[in-house]
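Build the full structure now, drawing on both the sequences and the hints.
2 protein chains.
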Amino acid sequence: MSDLQGLMKEFEEYKARGLKLDLSRGKPSGDVLDLSNGMLDGLDTYLSEDGTDIRNYGVLAGLPECKRMFSDLLGVPAEQMILGGNSSLSHMYTVFGLLWNFGIGGSTPWVREANVKILCPVPGYDRHFALTEDFGAEMIPVPMTADGPDMNVVEKLAAEDASVKGIWCVPLYSNPEGVVYSEETVRRLARMKTADPHFRIFEDNAYGVHHIFEEHRVTNILTCAREAGNPDRVFYYFSTSKITFPGGGISLVTSSPANVKEVLAHIGKQTIGYDKITQMRTVKLFGGSADAIRAHMKNIAALLRPRFELVLKYLDSEFAENGIVRYRAPMGGYFVSIDVPDGCASRVVALAKEAGVVLTGAGATWPYGKDPRDSNIRIAPTYPTLGELDTTMRILCLCIRIAAAEKA
Amino acid sequence: MSDLQGLMKEFEEYKARGLKLDLSRGKPSGDVLDLSNGMLDGLDTYLSEDGTDIRNYGVLAGLPECKRMFSDLLGVPAEQMILGGNSSLSHMYTVFGLLWNFGIGGSTPWVREANVKILCPVPGYDRHFALTEDFGAEMIPVPMTADGPDMNVVEKLAAEDASVKGIWCVPLYSNPEGVVYSEETVRRLARMKTADPHFRIFEDNAYGVHHIFEEHRVTNILTCAREAGNPDRVFYYFSTSKITFPGGGISLVTSSPANVKEVLAHIGKQTIGYDKITQMRTVKLFGGSADAIRAHMKNIAALLRPRFELVLKYLDSEFAENGIVRYRAPMGGYFVSIDVPDGCASRVVALAKEAGVVLTGAGATWPYGKDPRDSNIRIAPTYPTLGELDTTMRILCLCIRIAAAEKA
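First to last, the protein sequences are chains A and B. Start counting the first sequence at 1; every next residue gets the next number (the numbering used here). Start counting the second sequence at 1; every next residue gets the next number (the numbering used here).
These are calculated hints, taken from the structure and not from any lab test. Careful: at least some of the hints might be erroneous.
[What the hints assert, rightly or not] Some chain B residues near chain A, calculated using beta-carbon distances under 10 angstroms: (1) 26; (2) 34; (3) 58; (4) 59; (5) 92; (6) 93; (7) 109; (8) 130; (9) 131; (10) 136; (11) 241; (12) 265; (13) 271; (14) 272.
[What the hints assert, rightly or not] Distance windows between CB atoms, simulated: (15) 289(A) to 15(B): 40 to 48 angstroms; (16) 109(A) to 214(B): 44 to 52 angstroms; (17) 108(B) to 322(A): 52 to 60 angstroms; (18) 103(A) to 322(B): 47 to 55 angstroms.
The C-beta atom is built at its ideal place from N, Cα and C for all residues, glycine as well.
This is the structure:
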């Protein structure tokens, strides 16, 4: 019996079990959500610290105590913060839409440009790409390195082509590789010469406090951009989706005072104010304290770490020596990114599906869903239990070995 | 001493009191908000009726039990509903933005059109106008009648000019006049011939259950449009801002199945799902029952009715005989609309401000804030206490008499 035949026999055994397992989306598990069940508790006040009745209309940019808490947590000024609904993606869409239709700070509305190109570090986050594609902007892949996007490539593209309008960045624990942008990367992004003086950085700090192993920090790009004389370059996003509840959290966007003023003027045409009850619940859950959020994230990390360790254990034991799978151990965040042999990712995803394991679609980490080497797979280990994850990883590793053997 | 001198003497007395009163915005009062304080209570479950963990991602269109409750309340199909955040204005902005950038149902994106004209029944809602202006669409005023917009004007404009793309409607208790669209008006809107086959009706049913006096109903325009062969013409909006809390409610948009499918596809690029915790709280507050919402609205009406009666008492007693002020007693809703003598509205608002009473800006009920006759003033009596309202109305009537006397 050949190697492949042996593997297929094992595969058929898994298939026969009719499993339903899912490694596809970066969702928190029930035990992680339970840590925030205080969000479901009663609220003993409807007055903000400045006496505002939070039940009523108004306070477009958000409650002061909530903005202060996030300011302490992230080191960005409360005065320049706009809190939003439960989805930072909505804030991103809003700002992208404003740049598209109206421009900000005197920039030409992108809809009036012949070409709008957005740099997309790859592997990257499929929802950034889907948003960009919705507007019809062209996405230009830029390779990631262990220090963030390859800045030689980014600088060259931004400097030489005025139709390059912006870049998506997940600076801390990037999605999906869990890379931390180096200080040099951040500074180069902030100061680089751009052919379009209104070049924008969409800084999605989705995992800004989502340490899994040791605690990493990322250089504050807002400060760097200001110091480099490019204060209006950066729009910075954050949310509590993976701190409290994805289904009932709050988001924020911040930028330069000028940008925030202009964005707020447009947002004021869309709403009279976001949900302040949820803002207050978030403040109450953490006693208004950034340190309480940090402590809470340690509790979350304690639940997530074994899941990541299990994934890495399987990858190490099955592939460290044979080199079939290349991967970077993530420094934190929500995902593990692996590269299987070229041309094998789709096959692995298809095999896994047959055996009852849903993976993120092959190509999802690339613009237009097209991974030119068909090699990258994003593993989202946060949702399954450890037991499910163990079975899932056995199946995934088996599928990879099958696909690699077929290829060979 | 002339009449005017006597009035000014009284005015100076009010001025000296340094009052701070506000009739400007349609905000619920504290006693009305108190009726919904159950929204602040603890939530005893995080599972929806279909077992979904509402704390987590997903359920883009909203919880089934919440959609069913609104379906029962409004007589619109749950399957065609998209629940949103706390602001129906955001839903309006989103749909307007989709029509602007992408088109819906094959319509040409409005951004590609040389002219986009939107019909605006006047007096109307300033936030509809601000939203329209934000996109740079041209606003065409259409006079209101006691039965809704003047349909002879609407039909002519829509039939003859393909750049007329849509109309804003508040069909039940219109903002600000409290007019109820007649069945004939609704049917004509639904069936009228339009030069642009993709003409849109933005049906903002903001006051759909907000009866103050007797209970009026408005013909369901979604049904009429479908029956008339124009199923994709109408986008229908509703929210709980004035049922529960403006600062923590939920909104909805509904339309034809085809429109909803297309809108959802774009919304899926903006968010993974709206706040389901607030949806569940709303369901729990009313036990999932539309009848409970109707009973709740009667309790709200009992608190609002005396405020409206007080305003009307002042208007009747001060102006019924001399005809200085023309007004329609509202049939429900949130406002009283009055017309002071031509050229006097700005002066009345300025005088009132001097005496410590903030009114909605003169012209706010017209596109671009420009009331050509400078005569319409929107009174928002819902927020002040009865005592404050009494003083406020005395001052307002005085300011009107002064402005009228100055004019004469």
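Status of each hint after checking the structure:
Because the smallest distance between the Cβ of residue 26(B) and any Cβ of chain A comes to about 9 angstroms, under 10 angstroms, the interface hint for this residue holds. A least Cβ separation of about 9 angstroms between residue 34(B) and chain A falls short of the 10 angstroms threshold, and the interface hint therefore holds. Given hint, residue 58(B) at the interface with chain A, holds; its Cβ is 8 angstroms from that chain's nearest Cβ, closer than 10 angstroms. The criterion of a C-beta within 10 angstroms of any C-beta in chain A is met by residue 59(B), whose closest approach is roughly 8 angstroms, and the hint holds.
Because the beta carbon of residue 92(B) sits about 8 angstroms from the nearest beta carbon in chain A, less than 10 angstroms, this interface hint is met. For residue 93(B), the interface hint holds, the least distance from its beta-carbon to any beta-carbon of chain A being 4 angstroms, beneath 10 angstroms. Look at residue 109(B): its Cβ gets to within about 9 angstroms of chain A, closer than 10 angstroms, so that hint holds up. Interface hint status for residue 130(B): upheld, as the beta-carbon distance to the closest one in chain A is roughly 5 angstroms, under 10 angstroms.
At about 5 angstroms, the closest approach between the beta carbon of residue 131(B) and any beta carbon in chain A falls short of 10 angstroms, and the interface hint on this residue holds. Because the beta carbon of residue 136(B) sits about 8 angstroms from the nearest beta carbon in chain A, less than 10 angstroms, this interface hint is met. Interface hint at residue 241(B): satisfied, since its Cβ lies 8 angstroms from the closest Cβ of chain A, which is below the 10 angstroms cut-off. A distance limit of 10 angstroms between C-beta atoms decides the matter here; for residue 265(B) the minimum to chain A is near 9 angstroms, and the interface restraint holds.
Interface restraint check for residue 271(B): the shortest CB-CB distance to chain A comes to about 4 angstroms, inside 10 angstroms, so the restraint holds. The criterion of a C-beta within 10 angstroms of any C-beta in chain A is met by residue 272(B), whose closest approach is roughly 7 angstroms, and the hint holds. Distance hint check for residue 289(A) and residue 15(B): the Cβ-Cβ separation is about 47 angstroms, which falls inside the suggested range of 40 to 48 angstroms. The beta-carbon spacing between residue 109(A) and residue 214(B), approximately 49 angstroms, falls within the hinted interval of 44 to 52 angstroms.
Taking 52 to 60 angstroms as the suggested C-beta distance range, the pair residue 108(B) and residue 322(A) conforms, at roughly 56 angstroms. Roughly 52 angstroms separates the CB atoms of residue 103(A) and residue 322(B), a value that falls within the hinted 47 to 55 angstroms.
Violation of the numbered hints given earlier is absent; every hint is satisfied by the structure.
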